[in-house]
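Can you make the complete structure from the sequences, with help from the hints?
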Amino acid sequence: MKLSFRATKRFLDFSGTAVQLAETLADLGFPNDGIKSLGADITQVLVGKIVEKNQHPQADRLSLLKVDIGRELLSIVCGASNMKAGDYVGVAPVGSTIPGVDGEGMTLKRAKIRGEESFGMCCSEKELGLSDESDGILILPEAYLKTIEKESLGKPVVDVMGWRDEIIEVDVTPNRGDALCVRALAREVGAKLGLKLKAPFSVRWKNPSSWANPSIENFEDAYGLAGCLVKSVHIKATPENWKSFLQACGSRSINNLVDITNIVLFEMGHPIHFFDADKMDPQSIYVRRAREGETLELLDGKSIDLHSEDLVIADKSGALSLAGIMGGKASSVTDETKNILIEVASFNPKLIRASVQRHKIKSESSLRFERGVMPWKLDEVIERVLGLLQELSGFEGAEGTKVVSRQLNRPHCLWNRKRVEAKLGKLEWSDDEIFDRLRMLDYELDVRGGSPKIVFPAYRSDAELLEDVMEDVARLVGYDRLEVKPLLSSESVVLIDDLQAQTKAADLLLDRFVSRSYTEILNWSFVDSKSLELLGVDPSSAPEIANPIHSEKSRMRPMLLPHLIQSVKYNAERWEDNIRLVEFGPVFSAPKDGLSDYRGSPLCEEWRVACAFFWRTSDTKKLWHPKIDPFFIFKGQMADIFEGFQLLREPVSWIEAYEASNIFHPRRKVSFDFGIAGEAHPGVLKEFDLNGRLFIGEWSLRVGLADLRYARAEQLPPIDLDLSLLVDQKLSVGRLSESLEKCKPKELENFRVYDVFESEALLKESKRAVTFALRYRSSETSLSMEEVMKLQERLLTKIQAELSEYRIALR
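FYI, this note's numbering numbers position 178 of the sequence shown as 178, with every residue one higher than the one before it.
Treat the hints as calculated values from the structure; they're not laboratory data. Please note that the accuracy of each hint is not assured.
Here are the simulated distance ranges between beta carbons [stated by the list, open to error]:
| hint | residue 1 | residue 2 | range |
| --- | --- | --- | --- |
| 1 | Pro141 | Ser517 | 44 to 54 Å |
| 2 | Asp629 | Glu133 | 23 to 33 Å |
| 3 | Ala40 | Gly394 | 31 to 41 Å |
| 4 | Ala422 | Gln566 | 22 to 32 Å |
| 5 | Asp629 | Glu292 | 32 to 42 Å |
| 6 | Gln407 | Lys155 | 57 to 67 Å |
| 7 | Gly318 | Pro586 | 42 to 52 Å |
With a straight-line cut-off of 25 Å between C-alpha atoms, the simulated SDA-like cross-links for lysine to any residue are [unchecked claim]:
| hint | residue 1 | residue 2 |
| --- | --- | --- |
| 8 | Lys569 | Tyr518 |
| 9 | Lys686 | Asp577 |
| 10 | Lys746 | Ala809 |
| 11 | Lys362 | Asp689 |
| 12 | Lys329 | Asp276 |
| 13 | Lys742 | Ala769 |
| 14 | Lys126 | Val19 |
| 15 | Lys402 | Tyr443 |
| 16 | Lys569 | Ala26 |
| 17 | Lys569 | Glu464 |
| 18 | Lys9 | Lys243 |
| 19 | Lys36 | Glu169 |
| 20 | Lys744 | Asp689 |
| 21 | Lys402 | Lys196 |
| 22 | Lys279 | Lys243 |
| 23 | Lys236 | Ser393 |
| 24 | Lys338 | Tyr286 |
| 25 | Lys744 | Asp720 |
| 26 | Lys418 | Asp480 |
| 27 | Lys2 | Gly162 |
| 28 | Lys236 | Ser215 |
| 29 | Lys553 | Phe688 |
| 30 | Lys66 | Ile139 |
| 31 | Lys426 | Ser393 |
| 32 | Lys155 | Ser232 |
| 33 | Lys530 | Leu803 |
| 34 | Lys530 | Met1 |
| 35 | Lys243 | Glu133 |
| 36 | Lys742 | Asp689 |
| 37 | Lys243 | Val19 |
| 38 | Lys569 | Glu793 |
| 39 | Lys730 | Leu803 |
| 40 | Lys302 | Thr337 |
For each residue, glycine too, the CB sits at the ideal point set by N, CA and C.
In structure tokens, the structure reads:
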């Protein structure tokens with residue numbers, strides 16, 4: 001989620017910097033992906049006033065402008081036609097730098113265009129990076145002409161227009177859909193820092209009324225619905241301060257009515273919808289399931305066939321919108337709209353999630369409804385909408401009513417400090433201090449009588465137990481200030497015993513990966529069926545979750561690589577090159593034929609290690625580029641990492657799933673007893689929009705390490721020799737290496753393939769030359785060359801006997 005620093009300060013008297021705000025959010029469990037300064041790249045663009053406009057003498061489509069920037073009068077040649085004398089514009093003088101149409105930046109220089117000198121440029125919104133498209137140059141809106149005085153000329157446009165802001169990319173976990181708005185995150189920060197949350201609205205609406213009469217067909221489908229009829233609204237442009245807010249949130253301005261729905265969405269986190277009240281019956285609006293055979297044309301012009309499991313907002317004439325996802329075109333607001341019906345609702349998240357998947361339609365509204373939007377604050381949302389309508393549109397009357405399920409009750413629990421401290425350790429804060437901070441999160445507390453009663457906030461759909469209160473207390477106090485205790489339980493002892501060999505192997509293996517510039521990552525253990533199908537993996541191989549936290553996390557992952565490839569894509573989209581990632585984690589599979597896993601668990605689980613190496617050179621201006629094929633870089637890395645590891649070679653059946661999938665290139669992979677590695681299939685690169693080479697591998701650690709033992713470094717010198725053999729063409733190097741491994745004497749410390757040579761002369765005889773580099777060493781005494789030569793002769797004799805069906809000779 002994009003969080004505007006400037007908008008946050010409207011809800012909170014926060015005196016720190018954007019960096020400090022991001023750090024506070026991270027402490028609260030909302031990490032971020034960075035901070036972007038809005039307007040920082042156009043601070044050199046100044047406010048100017050066109051005092052004179054003339055036709056260019058040598059070009060019909062060019063104009064000669066005299067632009068006053070306060071300190072001087074600039075002569076500028078301009079190709080736009082949407083300006084006139086008296087307009088205030090954004091001017092980039094000679095020497096200033098702007099983003100440019102391609103976003104890569106351009107520095108303005110003095111130029112002569114068709115014989116006329118130009119000392120700068122009047123910029124368009126596209127050239128300033130404010131819009132993807134623009135017709136002509138940026139003309140400051142009329143609303144600002146009255147406020148721009150002579151002293152404003154020559155000042156940065158970002159300051160005069162209020163565009164300067166800092167945007168924090170906040171990661172919100174799926175269980176906290178309520179936090180997908182400015183006010184919620186401001187409330188979290190305020191509770192941690194002891195700052196009171198402000199409410200930037202005060203309008204009250206009349207309730208009830210006969211103007212609108214909302215109803216719900218089944219309260220298991222929808223929990224609340226409010227309707228408010230507003231008369232005599234006015235469609236017009238949105239002021240610049242609200243346009244800037246929407247831009248900071250990643251949206252764009254349409255008109256004041258559409259913008260109000262988005263402002264409330266990003267401010268309060270509750271989606272709303274406007275109907276044109278003259279195109280429907282406000283008195284008969286209700287929520288129901290769609291009828292079989294019913295169709296609906298959506299706002300984007302797409303017509304869909306509704307399913308009986310879809311929720312719709314309807315009146316007596318039929319369906320008006322696909323509830324929680326997108327409105328219908330027939331009742332949509334247009335430039336001719338005079339009266340609107342405000343609809344605010346709360347729906348069953350499971351139904352919204354199913355409709356999103358069924359119709360493949362996602363929106364900012366559906367994102368929030370999928371995660372749960374509670375019905376307790378419908379009045380407050382309506383009040384905010386009316387406040388914005390009063391500010392941005394004006395209206396003559398507003399009345400309505402609401403209906404909320406009586407079957408819903410806000411969950412509560414009893415405070416028990418002893419239980420809390422048993423989990424969190426000794427707390428520094430008193431009960432009163434804790435309760436004060438919880439109230440700032442909108443908890444309600446009744447401290448009368450015995451144990452205080454805690455009622456959970458109206459906006460929280462994920463909290464109902466004392467353990468949930470404990471989590472909030474820990475976040476507010478600070479995890480770094482909690483008492484540190486070792487985790488000891490019967491379960492942990494079993495787990496440690498069970499995973500000891502695997503974690504021991506993983507620690508050693510991950511250290512080797514990290515030493516070769518790999519970054520260890522940690523992904524969710526959940527995956528959706530679509531992601532598996534995309535890679536040609538059968539989703540039924542992944543256990544299905546009975547109550548998933550999100551539709552895209554509906555199954556337990558059966559392998560590590562799909563998530564790892566997603567992580568590569570995430571980093572590649574941010575122009576990272578030479579990406580190296582490694583992960584150690586559990587994977588799951590459904591038991592077959594009633595069998596359990598090796599621990600007797602009905603859910604088969606094992607731990608694996610997987611890696612990904614993405615090779616791309618985006619910087620074409622480097623003085624030097626390595627010429628080696630990245631395949632050999634990856635092969636060398638794996639050889640170094642696994643050298644001396646001696647993993648137990650017990651066959652694992654899960655490799656068959658990879659063999660049957662579309663993940664690996666069919667001719668550039670190698671399977672082991674304990675894993676698989678190679679280059680990704682070109683189809684994977686296409687599906688994930690990866691422009692480069694991707695190499696991946698996954699290995700089982702359930703097999704553990706083969707009796708790992710540590711020994712002191714060798715004290716005696718080695719002797720290195722080459723063994724060059726002339727062999728039959730049909731004898732593979734792998735088969736020859738296996739024979740050498742089997743026949744080698746104990747003094748042969750290690751060997752590797754050094755060279756494979758083929759020539760026309762050898763091919764005519766159906767032969768080729770294979771050279772091995774061998775290292776001999778004894779741990780007891782120094783070997784002589786004579787001893788080593790005898791060992792090598794005996795080794796060759798054994799290999800010839802082992803592979804007697806082939807012709808093998810010393811070259």
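* To do: May I ask which of the numbered hints given earlier this structure violates, with the numbers listed in increasing order?
  => 2, 4, 5, 14, 17, 20, 21, 22, 28, 31, 32, 33, 36, 38
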